[in-house]
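**Student:** Here the sequence shown is numbered in numbering that gives the first Met the number 0, starting from 0 and rising by one per residue.
Note that these hints are calculated values from the structure, not bench results.
These figures come from a predicted structure and were not determined experimentally.
All C-beta atoms in this analysis are idealised placements derived from N, C-alpha and C, irrespective of residue type, glycine included.
Hints may be right or wrong, so weigh each one.
Taking CB as the label site, the calculated pair distances span [as the list claims (entries may be wrong)]:
#, residue 1, residue 2, range
1, Ala179, Gln72, 39 to 45 Å
2, Val98, Ala15, 31 to 37 Å
3, Leu204, Lys116, 35 to 41 Å
With a Cα cut of at most 27 Å, we get these calculated DSS-like pairs of lysine-lysine [said to hold, decoys possible]:
#, residue 1, residue 2
4, Lys191, Lys176
5, Lys128, Lys210
6, Lys210, Lys176
7, Lys134, Lys116
8, Lys191, Lys210
9, Lys176, Lys134
10, Lys176, Lys128
11, Lys191, Lys128
12, Lys18, Lys8
13, Lys191, Lys122
14, Lys116, Lys128
15, Lys210, Lys8
16, Lys191, Lys134
17, Lys134, Lys122
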Amino acid sequence: MQPLIEIQKVTKIYEAAAKVRAVCDFSADIFPGEFAAIAGPSGSGKSTLLNLIGTLDTPTRGEILFEGRRVSQLTENQLADFRLRSLGFVFQAFNLIPVLTAFENVEYVLILQGVPKAERSAKTLEALKWVGLDKLADRRPDLLSGGQQQRVAVARSIVHRPLLVLADEPTANLDSKTSAELMDLMADLNEKHGITFLFSSHDPLVLSRAKRVIYIRDGMLQANES
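From just these sequences and the hints, can you work out the full model?
**Tutor:** Okay, structure coming up:
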């Protein structure tokens, strides 16, 4: 099977008072339909690696390929369009727009893509149904629990049918019961709809549910376990 993502000897160095090597000579592949996690202690480089895969940052050295295409060959505008259309993001802090309802937060991705209103509404409602929140579509984030807000974030990440959803510490701000429910939801989306998920986490719950775990320490690949 052709990899969805190829990470080829990627290094990321941040220039500060001293050079910080956040990721070092890292290589791995992610395949379509995977439910995988990048794991490691705090400061191991896992969030940096997720940002590099998500084209939110650029490698100092090495290459990242999506479906065989080198990300480094894309212009800034092409990268922005690629992120908008091909990637979904779930963050630990939810990052919902406070003044918008759950429906409007999810729909906003499709507005940016220029999707016609009728199609936009249908896709938004479907995504909210998938995460079990269609009955709360008119509520703003401040009227939703933390778990419900993260479900809205998941709906936003999948509404445009992306190639890949990147979830950075998605359970960090949730209690254990809500975390388990969220992981059940995302596993169900992976199984039923073939959505590819890649997590960054040190939560044992997330790692136990992932079908493959890529371990990173001090920016370097430590193990790759299915």
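**Student:** Against each hint, give a clear statement of whether it holds in the structure.
**Tutor:** Outcome of the hint check:
| no. | hint | verdict |
| --- | --- | --- |
| 1 | Ala179 / Gln72: 39 to 45 Å | holds, 41 Å |
| 2 | Val98 / Ala15: 31 to 37 Å | holds, 36 Å |
| 3 | Leu204 / Lys116: 35 to 41 Å | holds, 39 Å |
| 4 | Lys191 / Lys176 | holds, 22 Å |
| 5 | Lys128 / Lys210 | holds, 25 Å |
| 6 | Lys210 / Lys176 | holds, 21 Å |
| 7 | Lys134 / Lys116 | holds, 20 Å |
| 8 | Lys191 / Lys210 | holds, 15 Å |
| 9 | Lys176 / Lys134 | holds, 21 Å |
| 10 | Lys176 / Lys128 | holds, 21 Å |
| 11 | Lys191 / Lys128 | holds, 14 Å |
| 12 | Lys18 / Lys8 | holds, 19 Å |
| 13 | Lys191 / Lys122 | holds, 17 Å |
| 14 | Lys116 / Lys128 | holds, 18 Å |
| 15 | Lys210 / Lys8 | holds, 23 Å |
| 16 | Lys191 / Lys134 | holds, 22 Å |
| 17 | Lys134 / Lys122 | holds, 15 Å |
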